[in-house]
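Asker: Residue-level listing of the chains:
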Amino acid sequence: MKYTVPIGPIHPALKEPIAINCTVSGEEITDVDVIASQNHRGIEWIGMNRDNPIQTIYVAERICGICNFCHPACLAMAVEEIAEIEVPDRAQYIRVIQSELERIHSHLLWAGVAAHELGFDSLLHYTWKIREKVMDTLEFVNGNRVTKAIMMYGGVRRDIKDEHIPKIREMIKYYQDLFDKVAKLFLEDKTIKMRTRNIGILTKEDAFKLQAVGPTVRASGVKKDVRQDAPYYAYPDFEVKAMTPDMLTGEVVGDTYDRIVVRLLEVKQSVEIIEQALDELPPGEILSEEKIPKLIARIKKAEGEAIGRHEAPRGEDIHYVKLKSGFENLYAWKVRAPTYSNIMAWKPMLMHHQIADIPIVAASIDPCLSCTNRAVVLGDEEKMLTAEDLHKLSVKKTKEMMK
Amino acid sequence: MNIDEIIEALKEKGLEARVQARMAGVKNKVERKTLWVDVERERLKEVVEYLIEISEEFPHFSVISPVDVGDDVEVNYHFSVGYGSYMGEIPITFKVTIPKSDLWVPTLTDIIPGTIFSEREIIEMMGIDVKGLEDKRHLFLTENFPDDVYPWRRDETAPKETNKLYEGWKE
Numbered sequence: 000m001k002y003t004v005p006i007g008p009i010h011p012a013l014k015e016p017i018a019i020n021c022t023v024s025g026e027e028i029t030d031v032d033v034i035a036s037q038n039h040r041g042i043e044w045i046g047m048n049r050d051n052p053i054q055t056i057y058v059a060e061r062i063c064g065i066c067n068f069c070h071p072a073c074l075a076m077a078v079e080e081i082a083e084i085e086v087p088d089r090a091q092y093i094r095v096i097q098s099e100l101e102r103i104h105s106h107l108l109w110a111g112v113a114a115h116e117l118g119f120d121s122l123l124h125y126t127w128k129i130r131e132k133v134m135d136t137l138e139f140v141n142g143n144r145v146t147k148a149i150m151m152y153g154g155v156r157r158d159i160k161d162e163h164i165p166k167i168r169e170m171i172k173y174y175q176d177l178f179d180k181v182a183k184l185f186l187e188d189k190t191i192k193m194r195t196r197n198i199g200i201l202t203k204e205d206a207f208k209l210q211a212v213g214p215t216v217r218a219s220g221v222k223k224d225v226r227q228d229a230p231y232y233a234y235p236d237f238e239v240k241a242m243t244p245d246m247l248t249g250e251v252v253g254d255t256y257d258r259i260v261v262r263l264l265e266v267k268q269s270v271e272i273i274e275q276a277l278d279e280l281p282p283g284e285i286l287s288e289e290k291i292p293k294l295i296a297r298i299k300k301a302e303g304e305a306i307g308r309h310e311a312p313r314g315e316d317i318h319y320v321k322l323k324s325g326f327e328n329l330y331a332w333k334v335r336a337p338t339y340s341n342i343m344a345w346k347p348m349l350m351h352h353q354i355a356d357i358p359i360v361a362a363s364i365d366p367c368l369s370c371t372n373r374a375v376v377l378g379d380e381e382k383m384l385t386a387e388d389l390h391k392l393s394v395k396k397t398k399e400m401m402k
Numbered sequence: 000m001n002i003d004e005i006i007e008a009l010k011e012k013g014l015e016a017r018v019q020a021r022m023a024g025v026k027n028k029v030e031r032k033t034l035w036v037d038v039e040r041e042r043l044k045e046v047v048e049y050l051i052e053i054s055e056e057f058p059h060f061s062v063i064s065p066v067d068v069g070d071d072v073e074v075n076y077h078f079s080v081g082y083g084s085y086m087g088e089i090p091i092t093f094k095v096t097i098p099k100s101d102l103w104v105p106t107l108t109d110i111i112p113g114t115i116f117s118e119r120e121i122i123e124m125m126g127i128d129v130k131g132l133e134d135k136r137h138l139f140l141t142e143n144f145p146d147d148v149y150p151w152r153r154d155e156t157a158p159k160e161t162n163k164l165y166e167g168w169k170e
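Quick mapping for you: the protein sequence lines, in order, are chains A and B. Here the first sequence is numbered in numbering that gives the first Met the number 0, starting from 0 and rising by one per residue. Here the second sequence is numbered in numbering that gives the first Met the number 0, starting from 0 and rising by one per residue.
Be aware that a few hints might be false.
Unchecked claim - Below, a list of computed lysine to aspartate or glutamate pairs in the EDC-like style, where the Cα atoms sit at most 16 Å apart:
id	chain 1	residue 1	chain 2	residue 2
1	A	K323	B	D67
2	A	K222	B	E56
3	A	K208	B	E56
4	A	K203	B	D67
5	A	K299	A	D50
6	A	K203	B	E56
7	A	K222	A	D245
8	B	K28	A	D88
9	B	K26	A	D245
10	A	K208	B	D67
11	A	K222	B	E55
12	B	K130	B	E155
What the hints assert, rightly or not - Examples of chain A residues toward chain B, derived with CB under 10 Å:
id	residue
13	E43
14	E80
15	E83
16	E204
17	Y232
18	Y234
19	K240
20	P281
21	A301
22	E302
23	R308
24	E315
Just so you know, these hints were derived from the structure itself, not from any lab. What you are looking at is a predicted structure, and each value in this text was computed from that prediction instead of being measured. For every residue, glycine included, the Cβ atom is placed at its ideal position computed from N, Cα and C.
Excised from the complex, chain B in its bound form:
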């Protein structure tokens, strides 16, 4: 499945893919492309299931990277499909934007078990609730880490006291 077919397949589901490209190679110049797709939270699970259905091999899930953008949080799910052949792989990122007043995403562990670490990580790092996830223990932070401090936030819940630990820190 090439990139145009994937864009077409996503279009059938009413999803618009943004293509980002970058050249690589010196003698043998090739264009590396990545796809970025905005997905509503309610449709995320359906879209990921669709991706599993249309891709030849099981899609590779890399990680979830959430970003605090003020009133909202963007949750990026990085996938890649079509690996295993020369220039065959296409990275796809599903971007789910959720308001800070209602921070939750559905769990994907029932369809892709490998998402468990990332989901546990976004709970502790960003304060996003993952609905349907059974194991909500801390992953990287210690058990006694304070509940209302989220290291990846850019608002008042970001860690403040620990700032002083780093030399040259400016208020």
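Excised from the complex, chain A in its bound form:
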């Protein structure tokens, strides 16, 4: 007898809206269907219809709360290539530092979520406690924990000042001291090993065919990392190497455990990159064009197309931009977040495993559905709701609650 178990659209294990319909035969999963259309915000459409391309940077930042630097980074990379906008050396370094700070906090957030999916909540609290260190550093340097508004075409908006550096160095020391402890907690624990070893295997061949990216594909032994393959910003100075699980464990299995290994190694690598970047931080300007109207005029005149690729914490992030001379905003803007590619890998990972493995395997790719689903608002009987309707509805709801 076959049954379909719906995980989602809103499920406690997934945090964000997506539906995974699993066909099961007893406890065994025999088919998987992913239904992504749960919360489409139409971000690309909004971005293409703003008043000017500068506003689109801030829209891009809101694609995802975690990768709030990666998306504007891709957009800026593409626009700068088309409009031939130079970026000062110091800004290139600051962009690298910001990207790596983001990777640390994203991977630690993920590690906590993974522990939670395994029912290991004390480890979740511990991981999130140590994550606060990088969040505090981000707040100290940028003035905000998330949506930091750092990116600008031709540079960055805020400098890393002398008084920020000791605090960042303190954070580097903190994580370097902690690495062995965290690695032991995650990699030597019997329960974690039992729940993740040989669970959710993605073979190298499936990884190629399904176009997986980031830690998901690296855990399957593919050395694919944009920072290494086609370095951008100041990354050529750092000679980043793609992390694969055999660097620590000596073998590649491609399971959930390996995905933990890869992310742990990447946190260590990010800390090292930040340390080197601080040592070599060049002096100078942080923005090549400070006058915004001039910048807008320049982008308006530009014509052409380009792609911006950035290694986000979850994998390769790619934005395609087309500019048309005389056109106010971006003529075309296509966003591909890493989760878009990675959720296709859920099927081979989940097949023939048990229902109880769904949460951790689903979480192992670090899905970010706000990135992937980019609001269509539809009322009953295909009626579109206007802003006025929505306002009326919210007033009605508030009145009901006050009764």
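Following the hints, put chain B in place on chain A, whose structure we already have.
Answerer: Okay, now just chain B, sitting in the frame of chain A:
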């Protein structure tokens, strides 16, 4: 396989590649190059198969980005080959231009299964038919989304009513 070899290999198939370059790095300056290739719709499948054949590892497919350019729609297939080594990766974009009166592209899911999401997306977002694709359900838009509205178009089929949802929208 380096970039010149790929350009040469594409030339053998009668395809002209346009190179776009951009500098990166501060102390260690390098040039990042991307290739752009115009491909006819009828030859797309053959060209992608050829790319799989000539590249050492299976080429990485990123996404399809279609652009409404008036009477035509440009469909960009973003690939990258040669990843896995320092500075080894070359992004290649195959651009297929199709008229709005005859909007279709062939499916690539039989050779690259990972293209399924992008193909389902261009059906709902741009109104392009993907011939040979079995699963044509909506991907991101809800099932009851109107059939003749395509969010990425720049003509009369673009969404209009939803415009009012955003504050500061100008007609």
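Asker: Now tell me, hint by hint, if it's right for this structure.
Answerer: Against the structure, the hints:
1. A/K323 - B/D67: Roughly 12 Å between the alpha carbons, so the hint for A/K323 and B/D67 holds.
2. A/K222 - B/E56: Between A/K222 and B/E56 the Cα gap is close to 11 Å, so the pair holds against 16 Å.
3. A/K208 - B/E56: 11 Å, holds
4. A/K203 - B/D67: 36 Å, violated
5. A/K299 - A/D50: With a Cα-Cα distance of about 12 Å, the restraint between A/K299 and A/D50 holds, given a limit of 16 Å.
6. A/K203 - B/E56: 11 Å, holds
7. A/K222 - A/D245: 11 Å, holds
8. B/K28 - A/D88: Answer holds: B/K28 to A/D88 is near 11 Å, not above 16 Å.
9. B/K26 - A/D245: 31 Å, violated
10. A/K208 - B/D67: This hinted pair is violated, its Cα atoms lying about 29 Å apart.
11. A/K222 - B/E55: Holds, because 13 Å separates the two Cα atoms, which is no more than 16 Å.
12. B/K130 - B/E155: Given pair B/K130, B/E155 is violated - Cα atoms ~24 Å apart, limit 16 Å.
13. E43: 7 Å, holds
14. E80: Holds. Min distance 5 Å.
15. E83: 9 Å, holds
16. E204: Hint holds; A/E204 Cβ to chain B Cβ min 8 Å, cut 10 Å.
17. Y232: This hint holds: A/Y232 lies near chain B, its Cβ roughly 6 Å from the closest one there, short of 10 Å.
18. Y234: This interface hint holds because 7 Å falls under the 10 Å limit.
19. K240: 8 Å, holds
20. P281: Hint holds; A/P281 Cβ to chain B Cβ min 6 Å, cut 10 Å.
21. A301: 13 Å, violated
22. E302: 12 Å, violated
23. R308: The hint holds - A/R308 has a Cβ within 10 Å of chain B, the shortest such distance being about 7 Å.
24. E315: Constraint on A/E315 satisfied, holds at 7 Å.
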